[in-house]
Amino acid sequence: MTNHLTQEIARPRPATAGDVEEAPAVQHTEISVRPDEFRQRGPVEHKEKTFELNNVSVSYGKARAVNDVTMDIFHQNITALIGPSGCGKSTLLRSLNRMNDLIPSARVDGQLLYHGADIYGPKVDPVQVRKVIGMVFQKPNPFPKSIYDNVAFGPRTTGIKGDMDEIVEKALTRAGLWDEVKDRLDDNAYGMSGGQQQRLCIARCIAVEPDVILMDEPCSALDPISTGRIEDLMLELKERYSIVIVTHNMQQAARVSDMTAFLMVELTADEKSRWGELIEYDDTTKIFTNPGDSRTEDYISGKVG
Amino acid sequence: MTMRGVVASSAGAGETPRRSLEAPSPRYGEKAIKVFLAACGGLSVLVTTGIVLSLAFGAIDFFREVPVHEFLFGTNWAPSFTPSHFGVLPIVTGTLNIVFWALVVSVPVGLASAIYLSEYAPNRVRKTIKPMLEILEGIPTVAIGLFALMFLRPLAADVLPFLDWGGVHSIGVAGVAVGLLIIPLVASISDDAMRAVPRGLREGAYALGASKLRVSARVVFPAAISGIVAAVVLAVSRAVGETMVVLLAAGARAQITANPTDSAQTMTAYIGQTATGEIAFGTVAYYTIFAVGALLFVMTLIMNLFAIRLVRRFREVYE
Ligand SMILES: Nc1ncnc2c1ncn2[C@@H]1O[C@H](COP(=O)(O)OP(=O)(O)OP(=O)(O)O)[C@@H](O)[C@H]1O
Ligand SMILES: [Mg+2]
Numbered sequence: 001m002t003n004h005l006t007q008e009i010a011r012p013r014p015a016t017a018g019d020v021e022e023a024p025a026v027q028h029t030e031i032s033v034r035p036d037e038f039r040q041r042g043p044v045e046h047k048e049k050t051f052e053l054n055n056v057s058v059s060y061g062k063a064r065a066v067n068d069v070t071m072d073i074f075h076q077n078i079t080a081l082i083g084p085s086g087c088g089k090s091t092l093l094r095s096l097n098r099m100n101d102l103i104p105s106a107r108v109d110g111q112l113l114y115h116g117a118d119i120y121g122p123k124v125d126p127v128q129v130r131k132v133i134g135m136v137f138q139k140p141n142p143f144p145k146s147i148y149d150n151v152a153f154g155p156r157t158t159g160i161k162g163d164m165d166e167i168v169e170k171a172l173t174r175a176g177l178w179d180e181v182k183d184r185l186d187d188n189a190y191g192m193s194g195g196q197q198q199r200l201c202i203a204r205c206i207a208v209e210p211d212v213i214l215m216d217e218p219c220s221a222l223d224p225i226s227t228g229r230i231e232d233l234m235l236e237l238k239e240r241y242s243i244v245i246v247t248h249n250m251q252q253a254a255r256v257s258d259m260t261a262f263l264m265v266e267l268t269a270d271e272k273s274r275w276g277e278l279i280e281y282d283d284t285t286k287i288f289t290n291p292g293d294s295r296t297e298d299y300i301s302g303k304v305g
Numbered sequence: 306m307t308m309r310g311v312v313a314s315s316a317g318a319g320e321t322p323r324r325s326l327e328a329p330s331p332r333y334g335e336k337a338i339k340v341f342l343a344a345c346g347g348l349s350v351l352v353t354t355g356i357v358l359s360l361a362f363g364a365i366d367f368f369r370e371v372p373v374h375e376f377l378f379g380t381n382w383a384p385s386f387t388p389s390h391f392g393v394l395p396i397v398t399g400t401l402n403i404v405f406w407a408l409v410v411s412v413p414v415g416l417a418s419a420i421y422l423s424e425y426a427p428n429r430v431r432k433t434i435k436p437m438l439e440i441l442e443g444i445p446t447v448a449i450g451l452f453a454l455m456f457l458r459p460l461a462a463d464v465l466p467f468l469d470w471g472g473v474h475s476i477g478v479a480g481v482a483v484g485l486l487i488i489p490l491v492a493s494i495s496d497d498a499m500r501a502v503p504r505g506l507r508e509g510a511y512a513l514g515a516s517k518l519r520v521s522a523r524v525v526f527p528a529a530i531s532g533i534v535a536a537v538v539l540a541v542s543r544a545v546g547e548t549m550v551v552l553l554a555a556g557a558r559a560q561i562t563a564n565p566t567d568s569a570q571t572m573t574a575y576i577g578q579t580a581t582g583e584i585a586f587g588t589v590a591y592y593t594i595f596a597v598g599a600l601l602f603v604m605t606l607i608m609n610l611f612a613i614r615l616v617r618r619f620r621e622v623y624e
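Residue numbers (our numbering), protein chains in the order written: chain R, 1 to 305; chain X, 306 to 624.
No lab work stands behind these hints, which were simulated from the structure alone.
Treat each hint with caution, since some may be false.
[Stated by the list, open to error] FRET-style restraints, in silico, Cβ to Cβ:
1) G61/R - V430/X: 44 to 52 Å
2) D270/R - R500/X: 34 to 42 Å
3) S516/X - D68/R: 41 to 49 Å
4) R504/X - E166/R: 31 to 39 Å
5) S105/R - S516/X: 20 to 28 Å
6) F456/X - N188/R: 44 to 52 Å
7) V430/X - D68/R: 57 to 65 Å
8) A501/X - N188/R: 36 to 44 Å
9) E271/R - F341/X: 53 to 61 Å
10) R504/X - S193/R: 20 to 28 Å
11) A501/X - D183/R: 30 to 38 Å
12) D270/R - P445/X: 55 to 63 Å
[Unchecked claim] In silico DSS-like cross-links for lysine-lysine, where the CA-CA straight-line distance does not exceed 27 Å:
13) K161/R - K435/X
14) K123/R - K170/R
15) K435/X - K517/X
16) K432/X - K123/R
17) K303/R - K286/R
18) K49/R - K123/R
19) K123/R - K145/R
20) K161/R - K145/R
21) K145/R - K517/X
22) K139/R - K435/X
23) K47/R - K272/R
24) K272/R - K238/R
25) K272/R - K303/R
26) K62/R - K336/X
27) K432/X - K517/X
Note that the Cβ used here is the ideal one computed from N, Cα and C, for glycine as well.
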């Protein structure tokens, strides 16, 4: 089925007539993500489950934001969460490293396992959870400190042993930022461009060596070049980490992710309120070329949302 | 939207609807209110100018009699004795002593409460404590002064019996009482400053596996530092200006001392006491009040300008 996806292309490029003809997987809809935008990939490997979500629901006070999500997220995969605004992508993502604990009204029901261990178990320390499962936010949020101190903050917090200069350099290098900032490590991070700030936040995150990185629309405020850098970075990081990314950018999901989950806002059974539901979860190629649900198809082809 | 659409279509192409663009009434009320508001604003400016001018004129008269350097650097303060001495340093150090003890109490306690309120307290608790703090700020200072004299001073003598407690007046007790008085100010402003720190910064730190204490101490506190410093500066201004408490609890002996059990006069206590006593108009002693007032004014002005600049910087910090 992926025979026609032979070119290795990480960025969108102008469509050619040939490409369109070569897209036999979709007959009845014109999908806005063209096949040539997919990253070359073999069959997705599902080696090991990082997360298992069993009937996970998240509520804010009495209002349920996400209802009854069951899905597995795999090791060394990039998993994309897509869906219209307000369908609970961020909410679901934040429940994976207990960031929702910071919102007093938030409550998580159901079972959420990380390598088989209950993330919301009674003995689990949310601070420890976040050391293992890092997060990058939509809006770059460097601390108003020097570039160096931003990266060193995490390792100092977690008490990682070793030469701090080395740790900082390594993290910045892996975030693709080292050459740009090596001469101004003592400058305030607020003097950087938005794209640099976001890569600094990624460097800050990988400096603590988490096992999983959660990214909530990490590129939404960035230009295509910065976006491209961060996407390359994600593909590189995926060799060692599991990555879960929320994105509104279909092309981005298609380009980088292995698995894609589509969520949508649905009316509750009594039709009195709305909540987010997982509509479809599958290999990214499948979701974008041959989705199993007409709502997925409508969304990614730009008919709704 | 729809309405206008209907009107436009029914009016047809030929008829352009004509509605007057002129004001339907002259709006005298609005103008009157504007004048009234401007007058109120003008009044406060006028009053301030008046105060400054009266202080300045009095001070000028004073400095005709007493050389500036003798006033500023003299160590003997006895303006109403004969022979009189006009060295202001004893009451300046008296003031500084009070400020010192006030800060020793109010800064740690105020900041700790602010950290608690902004980072730890559940919303419900915060909503009850914050207004209580604001009420505390409004307690009449004379009540605090009495509290210091009648309760704190004996308590201090009981708790620290090894100190040499001379009279009923004590700089330390008065300073601590002033400190209690300004805790709400420090707590409230620092709490505002810390709450103004964007949530994203906290989340960024939490996402790196930082504990609440670490987030508060290493991210929120430094990010709010200018606001916190501004709170402290305002606290200093307040302590410098505090009159009633020190008048009651610190006594009226103008002396240079660092001993908290001593009594000492402050600049405000001097003014308060002298201005309420019998004093002949036009004498040097009379003008002394103005000179001390002017010095006090300059000191607090400098502090406040400093605070305003800091507050401004604090507003820009995340841009
Ligand atoms: N802190 C909160 N308190 C109460 N309700 C919230 C909170 N955060 C989110 N919600 C609600 O939960 C629902 C899902 O929000 P969420 O932010 O997860 O959506 P999203 O899919 O990430 O949307 P977007 O694409 O716009 O970021 C929304 O109805 C939102 O109003
Ligand atoms: Mg979101």
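Against the structure, the hints come out as follows:
1. Our hint of 44 to 52 Å for G61/R and V430/X is violated, since their Cβ atoms are close to 18 Å apart.
2. Between D270/R and R500/X the beta carbons are some 38 Å apart, a value that agrees with the proposed interval 34 to 42 Å.
3. For S516/X and D68/R, the hinted distance range of 41 to 49 Å is not satisfied, since their beta carbons lie about 33 Å from each other.
4. In this structure, R504/X and E166/R meet the distance hint of 31 to 39 Å, their C-beta atoms being roughly 32 Å apart.
5. Between S105/R and S516/X the Cβ separation comes to about 22 Å, which falls inside the hinted range of 20 to 28 Å.
6. For F456/X paired with N188/R, a C-beta distance near 49 Å keeps the hint of 44 to 52 Å intact.
7. At roughly 34 Å, the beta-carbon separation of V430/X and D68/R lies outside the given 57 to 65 Å, and the hint is violated.
8. In this structure the supplied range 36 to 44 Å is violated for A501/X paired with N188/R, their Cβ-Cβ distance being about 18 Å.
9. Look at E271/R against F341/X: about 55 Å separates their beta carbons, and that is inside 53 to 61 Å.
10. For R504/X and S193/R, the Cβ-Cβ distance of about 23 Å falls inside the hinted range of 20 to 28 Å, so the restraint holds.
11. Range check, A501/X to D183/R: Cβ separation about 33 Å, and the 30 to 38 Å hint holds.
12. Distance hint check: the CB atoms of D270/R and P445/X are about 58 Å apart, consistent with the given range 55 to 63 Å.
13. At roughly 42 Å between alpha-carbon atoms, K161/R and K435/X are farther apart than 27 Å, so this suggested pair is violated.
14. A C-alpha spacing of about 33 Å is found between K123/R and K170/R, which places the hinted pair above 27 Å, so the restraint is violated.
15. A distance of roughly 21 Å separates the Cα atoms of K435/X and K517/X; the hinted pair therefore holds under the 27 Å criterion.
16. A C-alpha spacing of about 31 Å is found between K432/X and K123/R, which places the hinted pair above 27 Å, so the restraint is violated.
17. A threshold of 27 Å between alpha carbons decides the hint, and for K303/R with K286/R the separation of about 19 Å falls inside it, so the pair holds.
18. Distance restraint check for K49/R and K123/R: the Cα-Cα separation of roughly 22 Å lies within the 27 Å cut-off, and the hinted pair is therefore satisfied.
19. As the CA atoms of K123/R and K145/R are separated by approximately 34 Å, the hinted pair breaks the 27 Å bound.
20. Between the alpha carbons of K161/R and K145/R the distance comes to roughly 22 Å, so the proposed pair stays at or under 27 Å and holds.
21. Using a Cα cut-off of 27 Å, the hinted pair K145/R and K517/X holds, with the two alpha carbons roughly 19 Å apart.
22. The straight-line distance between the Cα atoms of K139/R and K435/X is roughly 31 Å, outside the 27 Å bound, and the hint therefore fails.
23. Straight-line distance between C-alpha atoms of K47/R and K272/R comes to about 41 Å, which puts the hinted pair past the 27 Å bound.
24. At roughly 41 Å between alpha-carbon atoms, K272/R and K238/R are farther apart than 27 Å, so this suggested pair is violated.
25. With a CA separation close to 25 Å, the supplied pair K272/R and K303/R stays within the 27 Å bound.
26. A C-alpha spacing of about 50 Å is found between K62/R and K336/X, which places the hinted pair above 27 Å, so the restraint is violated.
27. Taking the CA atoms of K432/X and K517/X, the gap is near 21 Å; set against the 27 Å cutoff, the hint holds.
Violated hints, in rising order: 1, 3, 7, 8, 13, 14, 16, 19, 22, 23, 24 and 26; the structure is consistent with all others.
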